[in-house]
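Visitor: Sequence:
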Amino acid sequence: MAIVQCPGCSKSISNKSTVCPHCQLQLKEMTAEQIERLANKQRISKQQKFMNHSFLALILFLGGFLYMYWRQPEADSVQMMAAQGAIAVGCVWYLVNRVILIYLKKKK
Numbered sequence: 497m498a499i500v501q502c503p504g505c506s507k508s509i510s511n512k513s514t515v516c517p518h519c520q521l522q523l524k525e526m527t528a529e530q531i532e533r534l535a536n537k538q539r540i541s542k543q544q545k546f547m548n549h550s551f552l553a554l555i556l557f558l559g560g561f562l563y564m565y566w567r568q569p570e571a572d573s574v575q576m577m578a579a580q581g582a583i584a585v586g587c588v589w590y591l592v593n594r595v596i597l598i599y600l601k602k603k604k
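Its first residue numbered 497, the sequence shown is counted upward by one per residue in our numbering.
Worth flagging that the hints you see were computed from the coordinates, not collected in a lab.
Lysine to any residue pairs mimicking SDA-like chemistry, simulated, CA-CA at most 20 Å apart:
| no. | residue 1 | residue 2 |
| --- | --- | --- |
| 1 | Lys601 | Ile540 |
| 2 | Lys601 | Arg539 |
| 3 | Lys545 | Ala535 |
| 4 | Lys601 | Asn548 |
| 5 | Lys602 | Glu532 |
| 6 | Lys537 | Leu600 |
| 7 | Lys542 | Leu600 |
| 8 | Lys545 | Cys587 |
| 9 | Lys602 | Gln544 |
Can you make the complete structure from the sequences, with help from the hints?
Guide: What follows is the structure, encoded as C-alpha cells:
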C-alpha cells in the first residue's frame, strides 16, 4: 500500500482506495486517462492561482512606486514608509510567486 495524491483534491490517499475520503471522487470508475486529465486540470488551476497572485503583487509594487514618484512624500513620514513597505512586500511576493510558477512548470 502506497500513499498517492488524489487527482481531484490533491490530498494524500491510499493507492488501494476506490473513493477519495476527502472529496468523494470515485476513483474505481475512472480510467487512467481521466485521472491524468483531472490531475492536469488541477495543476493548471494551481498555476493560474499563482499567476493571479503575481499580478496582484506587481500591482502592489507599482502602486507603491508610483505613489512615491507622483506624491513625493517627505522622508521619514508615514506615507513614505507605507510606499516603501508596499514596494518591498510587492517585490518579494512577486519573486516568490514566480519561483513557485517555475517549479510547477518543471514538475510537469
